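Asks: As given, the protein sequences belong to chains A and B, one line each in that order.
Numbers 1 to 150, taken from our numbering, label the letters of the first sequence in order.
Numbers 1 to 712, taken from our numbering, label the letters of the second sequence in order.
Simulated from the structure, these hints should not be mistaken for laboratory data.
There could be a bad hint or two in this list.
[As the list claims (entries may be wrong)] To spell it out: a stretch of chain B is covered by chain A in this simulated footprint if at least three of its residues, at any positions, have a beta carbon under 8 Å from a beta carbon of chain A; those stretches are:
#1 59–71
#2 331–344
#3 379–388
#4 410–416
#5 644–658
All figures in this text were calculated on a predicted structure; none of them were measured in a lab.
Note that the Cβ used here is the ideal one computed from N, Cα and C, for glycine as well.
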Amino acid sequence: MSYSITVNGAVHEVDVDGDTPLLWVIRDTLGLTGTKFGCGIAECGACTVHVDGEAMQSCQIAVEDAVGMNITTIEGLLGDQRFQALQEAWIAEQAPQCGYCQSGMLMAAATLLANNPTPSDDDIADAMINICRCGTYNRVHAAIRRAAAA
Amino acid sequence: MDFTISRRALLQGSGAAAAGLIVGFNLGGPAAAGDGRLNTWVVVAPDGTVRILIGYSEMGQGIVTSLPQVIADEMEADFDRVEVLFAPAGVEFANPVFNMQGTGGSTTTRGSFEQMRKAGAMARDLLEQAAAARWFRPPALVRAKNGRLHDQVTGATLDFGEVALAASRFTPRPDYPLKTPSEWRYIGRAMDRLDIPAKVSGKAVFGIDVKVPNMLVATLAHCPSFGGTLKSVDPAPAMAVRGVRHVVPLDDAVVVVADGYWPAKKGLEALSPEWDLGAFADGSSAAVLAEFREALDEDGATASAEGDVEGALGAAAKTVEAIYEAPYLAHATMEPMNATAWVTEDRATVWTPTQGQGPLTMFGAQALGLDPSRITVHTTFLGGGFGRRFELDFSLKAMLTSRAVGAPVKLIWSREEDMRRDYYRPGAVARMTMGLDGDGMPTGFSAKLVCSSIMSRVFPQMVRDGIDNSSVEGISELPYALPARRIDYVMRNTDIPVGFWRSVGNSQNGWFAEAFIDEAATAAGKDAYAFRMALLQNAPRHARVLKTAAEAAGWGKADDGRHQGIALVESFGSIVAEVVELSVTDDKEIVLHKITVAADSGQVVDPRNFEAQLQSAIVYGLTAAFYGEIRVENGGVVEGNFDSYRMMKLEQMPAIVTRLIPDGTSAMGGAGEIATPPITPVLTNALFAATGERIRDLPLIRHGYDLGRARA
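With the rest of the complex left out, here is chain A (with noise of 0.2 Å):
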């Protein structure tokens, strides 16, 4: 079965069964592989993309019901003003460490802070819930401050 789906602006036909996750369409099928692989049960936040501007886990939801839906990945972020401050806090806060989870986590900060350009510490810790093995949560929480007061 063929569907349509709308990737980083651009329409995509992928000969695929309908069940299958956004996430292995986006990763074996587009060949995008910044959306990261980690427990496949919406748990840890490492497939995290936006869809219609909001963070959702790619895991989750069936190709055949992503038709119609406008995905964004961390590549078709790639280049956006406002993504790229959210980076270079990253960067300044040197947030990452071996970095499998980062995107998922820069993936759900870019739609905190384009919901709440100020949020409190509070709103961070209910927003940001993707783990992260390398304990850099400290950091991560410190970029997101940073971005947002840039």
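Add chain B to chain A, keeping to what the hints say.
Replies: Below, chain B without anything else, positioned relative to chain A:
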């Protein structure tokens, strides 16, 4: 082929050829004179770019920056023009500590610091000689400075790139000098990590991101019990799934190979493999740990001893005794196990997030019946390692699968398979006894440890007289003045596989020792900090670290309702003390307010990255102390994903106050693991202060506690 060439391009998404596509990089053989390669690690391009080859694995510990920092410093390179490349596996990249290529044991920076300094100094010497020849000067009159060479007579300058090719034809002078520490420009300073631009752009290539032309994607299921094997599998139900290409039986697993991960997973779920569950089919961690407890009454091998312990304990005014038990733990790296392999009749190439390039070359050759020279190992970024990726299973299984199907295969494990086929932090039991005199001071200390030996499987030659140091480290040598002591070890190897888990034996033994010292302090009626300080009179470095932590934390000055715990553990040549301040709600929710960590690691290459390692190790330890427990039932692991093997999150993290105590006179210690051991005892010690409850087995959720949102 590099990931630093243009940070701007990376962040904007242009320059796709940059972007961490280091996989597959190969210099094409040994150094050839005249190619700008100055030694094993350093190549200078005609445009002046200094390319540094790293033979170690980057799993978050920052070595793709800290090692170049050392080389560039001695070389007088301009750090803005340094690029890093992952080297292909090769004997020239052996870890000097292991004598083979591999990353672990907190050895990278301290093990190769001098080697990297010499590599940089040697490269500088060659460049200076080449410039001297160009100017008809003795080399002593040429000075390298920040990427350029200066003629001391005329003031003329040349860029490194202008003499790079010529320099690679010179031979280093035998007496090329190293800088003195006061001349260092990058060593000891916070430098921006070179891998971060790629990691904030989704462009860093981890193992799971590898793409090879005509590559298939596979996933697997292991036998549900440890030690079991695959009897048979009917491939038909999987082959009926669209996109499935092959079903590959392995000794203890079945692999489904498909066009993508999802069809492979669906194919796997359609199969009904028949397993031979083996001798451990009814095995459980509960039975194993109960057996360990019984083994406490056996005589063990003595790991360390001093004085007459029995006499000292018998003559004590008071004795304290306790039994502690630590659970099995999984590594749960963020990136599940995976590797990509392409094996043909006479050659094997593997792209893998491995910590063990050296052993992989050797055992890969053995598994495939090829000469080691026919094996090529490309190291990708590692999405966490923590010791798990020192194992070879995920790489070897990809190689065997590729050989079976005759195509390049990326084999990705599900999170559940990753969790259930780990090499776990050993479950362990300890009984400790302390004698106290009339003044509450220790007269003697004895400990008996029971757990499985990691080295018996990995490096059996390192087990001597019944002692595996990785089973007893963290308690066999303590800095405290204990007039008599004996630490014994009973080795019990079971079917539950055990391996290196961040800080290894120190992770459980550091907890045992420091929680028990706290019990002894309580029995002696003494303050936990003062009790330790009184026992550190002959250990000034340790005393200084503990005092620094206590002062920075405001020991004894917590607000009402808040409670502190303190601990001190030396591991990997570094001394670390930590203090936690927490409170406990009526419904057993623990709120962390502040963590303080002080460390003496000798010379530190990059203080900011070092601090990040301390924080990271603390989160890793806290997560395990609160949630970590791998239970085995019916021969296999119960926990499968992050819903059952829980992880600490951002909201729970308090501020961490860090104090580095630079000690220029001591040997360099490790960085990546050293802050994990103290965090468990500070937590249980603070919990005792708060509740009067001594936690002697983990995790804390087993006792009804949970971790709430942090509050300053």
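Asks: Now tell me, hint by hint, if it's right for this structure.
Replies: Evaluated hints:
With 4 residues bearing a CB less than 8 Å from a CB of chain A, the stretch 59–71 of chain B meets the requirement of three and the coverage assertion stands. Taking a C-beta to C-beta cut-off of 8 Å, the stretch 331–344 of chain B contributes 5 residues in contact with chain A, enough for the three needed, and the coverage statement holds. As drawn, the stretch 379–388 of chain B meets chain A at 6 residues by the rule of a beta-carbon pair under 8 Å; at three or more, the given contact holds. A stretch counts as covered by a chain when three or more of its residues have a beta carbon under 8 Å from one of that chain; for the stretch 410–416 of chain B and chain A the count is 3, and the coverage holds.
Given as covered by chain A, the stretch 644–658 of chain B passes the check, having 8 residues with a CB less than 8 Å from a CB of that chain where 3 are the minimum.
Hint check: no violations occur; every hint is consistent with the structure.
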